[in-house]
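Peer 1: As a plain string of letters, each chain reads:
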Amino acid sequence: QVQLQESGPGLVKPSQTLSLTCTVSGGSISSGDYYWSWIRQHPGKGLEWIGYIYYSGRTYYNPSLKSRLTISVATSTNQFSLNLSSVTAADTAVYYCARRVAALAMFDPWGQGTLVTVSS
Amino acid sequence: QSALTQPASVSGSPGQSITISCTGTSSDVGGYNYVSWYQQHPGKAPKLMIYGVSNRPSGVSNRFSGSKSGNTASLTISGLQAEDAGDYYCSSYTASGLVVFGGGTKLTVL
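In order, the protein sequences belong to chains U and S. Following this note's numbering, the numbering of the first sequence begins with 3 at its first residue and continues without gaps. Following this note's numbering, the numbering of the second sequence begins with 10 at its first residue and continues without gaps.
Worth flagging that the hints you see were computed from the coordinates, not collected in a lab. Please read all numbers here as calculations on a predicted model, not as lab measurements. Just to be clear, a hint being listed does not mean it is correct.
[Said to hold, decoys possible] Below, a list of computed lysine-lysine pairs in the PhoX-like style, where the Cα atoms sit at most 20 Å apart:
| no. | chain 1 | residue 1 | chain 2 | residue 2 |
| --- | --- | --- | --- | --- |
| 1 | S | K115 | S | K56 |
| 2 | S | K53 | S | K115 |
| 3 | U | K47 | S | K56 |
| 4 | S | K77 | U | K47 |
| 5 | S | K115 | U | K47 |
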């Protein structure tokens, strides 16, 4: 059974880069059947799709974040990562990683989520 | 890309049925049969409840059903139970190859 786990700093200073890693266990990130995704949720708000990456490195980004966003994949360690630059308080959110089934555009499973606060 | 439109809240009594709508455009909901629904309880990660408009993953109660008409998808929960309370989100594949979520609906079981 595939499981995903986010890791990274819980506190980031404004203007710095937010970096998170998602470790995939119980399955290979190199499977061509999936995209590996980041989704965030601002406190008390709804879900916002950030972007996803295919094992080959092909990326798809939310246009509203594209200029600050980099998602990468490390097949050797079965991990994928999120880098969001020039963060502000508006980037404070719970960040989830999730597996997207390529053929169906559905997200399952999800990681437990990690709260990242942007504050000085 | 604009978020899909969901009602902010719905409510129902135990045993009743409720329906949550999710309205998009012909470039997302109306153009593809790739609408999914997620249930989220406070402090928890979302859980997939419906995919491909009307398909239930293994383990999801058959009280949950999905449908679509034009640019609007719907999630129906029949025989409402207390544990169904929470937030529900729809999502859809888009013509750009991306994904968009709805704003979420808070379900209250009275």
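Peer 1: Which hints from the list above does the structure break, by number from lowest to highest?
Peer 2: 4
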